[in-house]
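*Asks:* Each chain, letter by letter, is given below.
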Amino acid sequence: MDIEIVGITVLWTFLFGYLIIGSIDYGAGFFNAYNLLTDKEHVLTKIIQRYLSPVWEVTNVFLVFFFVGIIGFFPKTAFYYGTVLLVPVSIALLLLAIRGSYYAFETYGARGHKGYSFMYGLSGLLLPASLSIVLTISEGGFVHLDRGKPVLNYFILFISPLTWSIFLLSITAVLYISAVFLTWYAHKAKDTLATNVMRKYALIWSLPSIITASSIIYQLKFHNDEHFNRLMHLWWMFALSLLFFVGTVLLLWAKRNYGFAFISLIAQYALAFYGYGISHYPYLLYPFLTLYDSFTNEAMAISLIIAFILGLGLLIPSLYLLLRLFLFNKGYVKGNSDYY
Amino acid sequence: MGNEDALFYSRILTELTLSFHIIYATIGVGVPLMIMIAQWVGIKKKDEHYILLARRWTRGFVITVAVGVVTGTAIGLQLTLLWPNFMELAGNVIALPLFMETFAFFFEAIFLGIYLYTWDRFRNQRKHLLLLVPVALGAAFSAVFITMVNAFMNAPQGFELVNGELVNVNPIVAMFNPAMPTKVAHVVSSAFMTSAFILASIAAFRLLRGSNHLYHKKALYLTMKVGLIFSIATALIGDFSGKYLAEYQPEKLAAAEWHFETTEKAPLILFGVLQEGEPRYGISIPYALSILAYNNPYAEVTGLDQFPEDEIPPLYIHYLFNIMVAIGMWLTILSFIFWLGIKRDWKFVTGSWFKRLIVLGGPLSIIAIETGWWLAEVGRQPWVLRGLMRTAEAATSSDQVDLMLLLFACLYIVLAIGSVVVLRRMFRKNPVEKELSDRNNNKEEEQT
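Sequence lines, in order, name chains U and P. Mapping the first sequence onto this note's numbering, position 338 (from 1) lands on 338, and the numbers just tick up by one. Mapping the second sequence onto this note's numbering, position 362 (from 1) lands on 362, and the numbers just tick up by one.
Derived SDA-like pairs: lysine to any residue, alpha-carbon spacing no greater than 25 Å straight-line:
1) P:K127 <-> U:F326
2) P:K429 <-> U:T45
3) U:K188 <-> P:Y117
4) U:K46 <-> P:Y117
These stretches of chain U come out as covered by chain P in the derived footprint (C-beta under 8 Å, 3 or more residues):
5) 59-69
6) 93-103
7) 292-300
8) 305-319
In case anyone wonders, no lab produced these hints; they're calculated from the structure. The structure displayed is predicted, hence computed values, not measured ones. Ideal Cβ positions, reconstructed from N, Cα and C, are used throughout, including at glycine.
Generate the whole structure from the sequences, applying the supplied hints.
*Replies:* Pasting the structure below:
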């Protein structure tokens, strides 16, 4: 296997990690705000705060890891994406700032400040949208070179149906993923009220999420034929993904095995996400940038991979400890507070 | 907007983000060590006050960490957004420490989360103390790795440039460049020093405001002692940094010292103003610059006359240099007198005017951090990679940088106000006296 493939696989995996835990985080913020605004007696607030508080910083690192990693493995992406993404990524940074400061300010300062909770919830929906612009741009057709410098055409981007499909997909997926996870988490906490609310949300958002996802494939046919054809070669991955989707919904419907429902959800998104990623090969930015012409020198690639392996040796046990102490700790999940 | 404008606004935005970030980053590097020391002293002396000190510092620390993480993510992405050409080149050579920095950050984030939410879960406080070790290590190592990247910009090496192509890249050589040892050591020790003086200034402020609690006195003595140790270390390393500059980056030293002509027995100019290219009203100390640069009063020090005019950094960095050094010296002396005064039972060190000076020490040390970074960064202009890539060649070609500058300026104002308001409210509502009595009540309830 090429070392380039190893590099992009590592990065893609981290992006997938961010997709899942970021979605849980964003969606939770939205449900929390929705709950506060409709005065449902803070049914969800407690559950959501308990899950999010110890992990919000870790969530953020997944994103940092991805963007540092991609500059490391594929430095030329800095030139293309760095130049064209100034505005969308700056907006994303602003939204991230609202979220990052929310935990600290809300937990210790203005507890229950409605305006802030509302901004927080809204940022959770806009953030994935502003980040997913990158996926749209990578399909090609939105960037042209002007005297050797890449320029993004905002007008074409704005009127493209592909942009809006991906925008909708990001929102529905976030709400769906988050709702399924929180159903399971609330169930573990033996909070029946919250479980029922989250289960309802999960079922509501399941259909829109799968419709938007399928429509992207249809859109690609007109936008980037080459990519569409490669996607069709991997039809079995998407078919399997659909099966897992059905599995999750059925389990939720039958009110059983929420843990399996969440695992099946992960499998569904993993298959679709990797299927999409593999079919994108070999382009990073169609048609300017491929995996191969942007790859870093061999010495750097090897040292990055060594650093990565050593780093994982440190990270995996630590993450395991974090999960054991909070996510999978019965006392903590149920709310036996020991935070003084 | 032309490219000139994009360059100008990119520089302003980067400077704004970094200047704001380093306040929180410095606290983020230094305070975990202080918390660890307090927790450790508390366990050793079986003194509830120190344990409480660790808890209260930690609670405030969370707010600063949040802002630090947010602004750190901002600068991390802005490097690519505003300086794409630089990052493309640097990514090839210096990505390794950048990558390792995120690992250190990851490590710290995980254990900080655990530490924060397990206060009373372990019966044995020593176990809880152990959780702080990775937090403090992670914090210090992110500073180490990210400063390595900055050091590389001052002394790029570890590759060859053949016809515009990078060949023979060696990431390890790039990491361990000549600027690295002094820069990393100076950054880490000045972060410890600054954090100690900020915490000292809080303790002194509480004592001034009428609380005469033993808790604040213990806090003050501990922080001033740690501050003294690290201010001496910082000054020593600062001297090494001067020697490094004389050897490898003489134009920065010459501009900072207004040393125009290459001479032997070079004098050091303290303070003064520049009028029509001539330094006035300064104090000139004979031989001192030669001693600073080479430990030898007769040594020849390279002056600005050796450099083409378009490679000389702005001369105003002299003022920054003076402010940084003066504050450093002042705080070393202040903390030394305090430490000696407590040992010898001098009355005036516990007096209110002396406490006011200590209160000033916190803000002063932050000013020293800011001026120090401005000196280091402006001092390598016009280069982004010294001798290799000019700042002008590295900037983005995007048209919207001015708008983004406005956007981020608003964000930082909100974050600054937010963090100060929350921190004040947190400690106003819950003074030490109240927390101590609450804790004692809880314990009695448990026993009965």
